[in-house]
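There are 2 protein chains.
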Amino acid sequence: MHKVVINPDIDPLEENRHQAEANRARLREHGAMAVDILGSIGSGKTALVALLGERLRARGKGVVAIVGDVAGDDDCRRLVEAGIPTANVNTGKECHLDAHYVEHALDELDLEGADVVFIENVGNLVCPADFALGAEKRIVVISITEGDDMVRKHPMIFAETDAAVLNKIDLAPFMDASVDRILSDYSKVNPHGRIFVTSARRGDGLDDLTDFILDE
Amino acid sequence: MHKVVINPDIDPLEENRHQAEANRARLREHGAMAVDILGSIGSGKTALVALLGERLRARGKGVVAIVGDVAGDDDCRRLVEAGIPTANVNTGKECHLDAHYVEHALDELDLEGADVVFIENVGNLVCPADFALGAEKRIVVISITEGDDMVRKHPMIFAETDAAVLNKIDLAPFMDASVDRILSDYSKVNPHGRIFVTSARRGDGLDDLTDFILDE
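Respectively, the protein sequence lines represent chains A and B.
Sequential numbering from 1 applies to the first sequence in this note's numbering.
Sequential numbering from 1 applies to the second sequence in this note's numbering.
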């Protein structure tokens with residue numbers, strides 16, 4: 001949904017950038033860093049966050065999360081069940097989180113002992129890319145079940161994030177989608193980005209992704 | 001991406017509604033009707049349109065299409081290969097089509113002999129719902145591979161469309177997702193809506209969906 005801004009002197013993206021910087025500074029004061037998880041709906045973002053949380057805790061890291069959805073608290077409940085203290089954000093008609101939503105969600109979380117704050121955005125490959133939230137790393141998640149044209153159709157979000165995850169790779173044998181094509185499209189739009197091929201179900205690629213998150 | 005509107009006297013949704021009415025009237029003059037295909041990215045919208053086009057042509061109907069994507073012309077090329085004259089719309093940073101995009105796309109199409117104009121929207125379960133395009137029917141497509149919480153997370157788009165399609169049902173045996181839960185959630189948010197369970201690959205449900213499109 002598009003916001004109607006009646007004061008032309010205020011640039012909402014600029015305002016958002018200031019708040020994102022404030023979020024980042026606040027987290028650093030607590031010795032924590034946020035990791036923004038963007039991606040298409042149903043790509044497995046929540047399952048990945050739950051499994052990454054498990055691996056990070058096994059390495060002695062404290063993990064909390066913020067999840068954004070238009071409606072409902074399904075993802076929040078799943079993360080809480082997975083042992084991750086989580087703040088739920090419902091955006092109503094908005095198609096993405098912004099830094100103000102994150103500011104308020106951080107108020108709800110106990111940041112003492114938190115090292116990593118996952119911020120799971122609304123499932124959408126367009127709008128979330130434009131809104132910085134204060135994360136140190138931004139990761140975009142897609143699933144092989146969506147076909148092999150995702151990168152070509154949404155070059156922007158892949159160019160503007162630090163890494164991509166191609167998830168549900170265990171379903172590749174049942175799909176008519178080329179993994180090579182996705183990898184090749186990705187290397188064109190983001191030559192310096194990392195891409196991880198994962199299966200939340202089988203655990204493929206999750207240790208490498210955990211390393212990437214912890215890498216300074 | 002959010003538009004910044006600096007003239008508060010113009011309501012962009014209201015303007016869009018007027019243009020949508022004009023599109024509808026223009027199509028009716030040609031004896032054609034538009035069918036809006038909304039849905040999540042990678043849910044199989046293009047494959048469904050190609051197969052529905054085949055079935056409609058077998059029933060003597062002329063079919064053309066408009067496809068919207070942020071970037072690229074993959075879907076357009078697939079529909080043209082499937083024998084459907086198609087106009088491609090790239091929205092740049094916009095997350096949905098609007099009625100003006102459709103107006104210009106209609107200029108590119110030969111509407112003589114066209115009975116059905118499929119309008120495949122940008123893949124996204126939030127923003128496209130708000131923008132009428134001039135269609136007589138609006139159908140939202142999701143895939144079983146996205147999990148079984150899609151309706152609960154996006155009640156609005158399911159409430160505001162005439163029918164829903166649960167696609168890729170051939171992959172259900174490999175997923176931990178409940179079809180019953182989706183059907184039950186749907187009947188709550190849209191008690192008068194129809195839901196079709198389909199497999200573009202196997203052909204399940206496509207004849208019923210074709211009947212629905214042609215039903216007055």
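One thing to keep in mind: the hints can contain errors.
Identical chains share a label here; the pair holds if one copy fits it or two copies do between them.
Stated by the list, open to error - With a Cα cut of at most 20 Å, we get these calculated SDA-like pairs of lysine to any residue:
#1 K61 with L183
#2 K93 with A159
#3 K93 with V197
#4 K93 with R152
#5 K188 with D115
Note that these hints are calculated values from the structure, not bench results.
Taking the hints in turn, this is what the structure says about them:
1. K61 with L183: Close neither inside one copy (31 Å) nor across copies (40 Å); limit 20 Å.
2. K93 with A159: between (26 Å within a copy, 13 Å between copies)
3. K93 with V197: neither (32 Å within a copy, 27 Å between copies)
4. K93 with R152: between (27 Å within a copy, 14 Å between copies)
5. K188 with D115: Close neither inside one copy (33 Å) nor across copies (41 Å); limit 20 Å.
Checked against the numbered hints above, the structure violates hints 1, 3 and 5; every other hint is satisfied.
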